[in-house]
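Trainee: What follows is the residue order along each chain.
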Amino acid sequence: MKELRFDAAVIGGGAAGMAAALEIRRRGLEVCIVERDDELGGILLQCIHNGFGLHEYREDLTGPEYAERAVQAVEQAEIAVFTRTTVGELASRAGQSTLVCFSARHGVLKVSARAVVLAMGCRERNRGNLRIPGSRPAGVYTAGLAQRLINIDGYIPGRQVVIIGSGDIGLIMARRLQWLGCRVHGVIEIMPYPSGLTRNIVQCLNDFSIPLHLSHVVSRIRGLERVEGVDVMPIRGGAPDPAGQFSIPCDTILLSVGLIPENELSKTAGVQIAPETGGAVVDATMMTSVEGIFAAGNVLHVHDLVDNVSEESRLAGSFAADWLSGRRPARQMRILPGSNVRYVNPSRVDPDRGSRVYLRPLIVKNKAQLLVSANGRPVKKVVKNHVQPSEMISLSLREQDLAGIDAAGVLEVSIS
Amino acid sequence: MKSGSDLFDVLVIGAGVSGASIARRLSSYALDVALVDRECDVSFGTSKSNSGIIHGGFHHSSKTLKARLEVRGNALFDQLQAELGFPFRRCGILVVATHNDEMKVIGQLYAQGVENGSVGIEMCSRRRMLELEPLLSPDVLGGLHAPSGGIIEPYRFVFCLVESARKNGVSLFTGFEAERGVQDGGRWSVHSRDGRTLKATWVVNAAGLFADDVSRAFGAEEYSIMPRKGEYFLLDRSTPACPSRVLFPVPSHNSKGVLVIPTVEGTVLVGPTASEIRDKRDLSTTAEELEKIFDYAKRLVPLISQSDVISSFAGLRPVLEGEDFFISFSSKVPRLVHVAGIQSPGLTASPAVGEYVTELLGKGGVPLMAKKDFDPYIERIPRLREMSAEEAEKLINADGSYGNIVCRCEKVSEAEVVAAVRREHTTLDGIKYFTRAGMGRCQGGFCTSRILKIIARETGLPYERITKKGKDSYLLEGRL
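Quick mapping for you: the protein sequence lines, in order, are chains A and B. When we follow my numbering, the leftmost residue of the first sequence carries the number 1, and every step to the right adds one. When we follow my numbering, the leftmost residue of the second sequence carries the number 1, and every step to the right adds one.
Only chain A is shown next, with the shape it has when bound in the complex:
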């Protein structure tokens, strides 16, 4: 059995893993990336649409273009990369972690590292998670799988399509399918507002006159062998109303109903998971509850923009490098979600150096005020033109914002 030792090991070679590894390497440490797919890039490789990199590079890039920049940097940085290699087990003891990996090329590979960055991304919620009743024909796909089948493998899943859920991947796929000559007959969203970005509603649905049925659910999938249609009901008074039921004939159903951070491996290492995010609970240095294990990107919480993933993962990489060189914050302060905030990540900040936090609102509002208070006293106010649950907010808490406050107390972020 091959055994290798690094200062740090990064699990996952997508946007998050590459950004974290690059930062660790930049600090002069030995780092490897373990990636289960054929090449680095992760989900970006199948996202051939544009809109990536507006913050990171101030350019409008496609997913593969965005990935390529990081891949080239990784190649130049002398980072050890193991592709087609799946991590089967992760264990950690006394600040030393071991990854047991499987690959055709290396057999069983044991990687030891003092620091580990979790960057496994997420998986798509599926029909089973939603408990959609009906038959079980061929032609029901998650939007991301359909995206892979089309953009990577080169196959069309079907011609007459209904999309369940208004997540971004579903919206992007609506446009992609229309461009292929397929017909998207509607997007069914259970909530009264869309769950994808506004720009995607405009560019992917409105521009193609695809109906968006808000406050509707699919009550049944029909079809014996291949999908034949869906029954749809409006939500009235908080429940599906059979009186308003209508059917849409189709041969294909795509599900775009949310993502779940892929933390099965993290759990085996004893990493504590936050129910609000499905990701690890991390401190001000993005370290999980297990000493030496850090988390960043979609495995920590689901992001809307890859630019945020890269930014957050660089931070995680730099914190991992700090930890490897024995640097830890002197003090950490808890930060909690207040009114109208679903969660704040990380759950602690460093009052002496400042921290960047990401939060997800619970409400849709124009001219919303973001208020950070320390032990009940306001320390920072930001006005946002528009907030909605599908758009994550990145907030910088600088050292001067937090100067002079009692670090034994608690920070709270609220939106009003």
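I should point out that these hints are in silico values taken from the structure, not numbers from a laboratory. Keep in mind that this is a model prediction, so the values were computed, not measured. One or more hints might be untrue.
Computed far set for chain B versus chain A, every beta-carbon distance over 10 Å [what the hints assert, rightly or not]: (1) Asp9; (2) Arg72; (3) Glu131; (4) Gly142; (5) Thr201; (6) Ser252; (7) Gly266; (8) Ala287; (9) Tyr377; (10) Gly403; (11) Asn404; (12) Glu414; (13) Glu464; (14) Lys468; (15) Gly478.
In the BS3-like style, the derived pairs of lysine-lysine whose C-alpha atoms are separated by at most 27 Å in a straight line are [claimed, not checked]: (16) B:Lys292 to B:Lys280; (17) B:Lys167 to B:Lys363; (18) A:Lys267 to B:Lys453; (19) A:Lys2 to B:Lys394; (20) A:Lys365 to A:Lys384; (21) B:Lys394 to A:Lys110.
For glycine and all other residues, C-beta sits at the position ideal for the given N, C-alpha and C.
Starting from the known structure of chain A, arrange chain B on it as the hints suggest.
Mentor: Quick look at chain B alone, frame taken from chain A:
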């Protein structure tokens, strides 16, 4: 192996667990046997979607045929597992009573179990029940423990039986929908919907849900098989609500109730419901029934949560009037054996059904000469998820494709998918049942595109011809 134009001694219609058990049993004798099925793969009917339980022999009166075959069948599983290597574990069964009237029924079940010869059966106090299963609802008053009960992957069991039968000379014909049987000078000509014809001296009708149609097609007895639908939820292996034994409520008149089943591969199955329907192809789930499952299951294990659901599905029980099995030579036409109404505990009883039908055929004139070269064993396919790191290393060194993980949720390697395809499981569902790829928490989100690639490579089929489960269940429309 024989081709279609030859004469078979016995033709078995239906490659579900009954037909497969019968065919395998017959394959130990010097006979030419054909096994046919209307679906594109074996075990694609009732045998693929059921509770996967080896029952404990206390649910049915000793007066019934099914009670006798259940107890005998149960006893045969250890040897079968040793020979065929399918996933099976005698984890035991608990029947849970939550009020006093139910304790009376528990007493009756116990007496029935003792009479049937259920090994080790015991009545339990509340304390004993909670000791055996700490996850049980605090409302439990007492119950029944049948340690001989167990769990199994039903489709894997059928796949193994068929593989063993074929290894011993049985010819398998899939996509063969027997629509007419004609007597022709002391033998049967069996015509399939697609135009194929097979000839055989004896015919066994083990057509499950369609046994009534087959009987009619052969001019034999008129009876009708009523489909009784059971809906299920599958819970992720990470659920905290995984019991160590199969949990039953106290049974009702037409079903054994909604169970909580720790599957042999680590997930948890909750169900089934029981509703009488008409359409034998209707495997749809309904919001109402699925809702009921949780209501019932939470009475047994309060920790069960909808948030652990990774899939739901339905299966159909082939029910005959009177609820018992009907295994007998036809009294209307010669050389035809009915194996009908094989609902629960059909899976448990199947090895005994194989024995029973073979004996019946022997008495009816089939010459049962034991084959000297009968080999009861089949090749074991190593499963990566069952290996230690050291074993995996050896395996991958010998065959690199064991190191290529195709399904991360269930840890299935490329080599296992290839093994499935080489055993003619060439649909997405067939591969899923054989390997478990696609059965885990992501439900094929990750592995589907990878498996399509392997099927195309191994079979030479173009992508657009690959199906989920045969017939018109095409997965892709075509190339970009």
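Trainee: Which hint numbers does the structure go against, in order from smallest to largest?
Mentor: 8, 10, 11, 12, 13, 14, 15, 18
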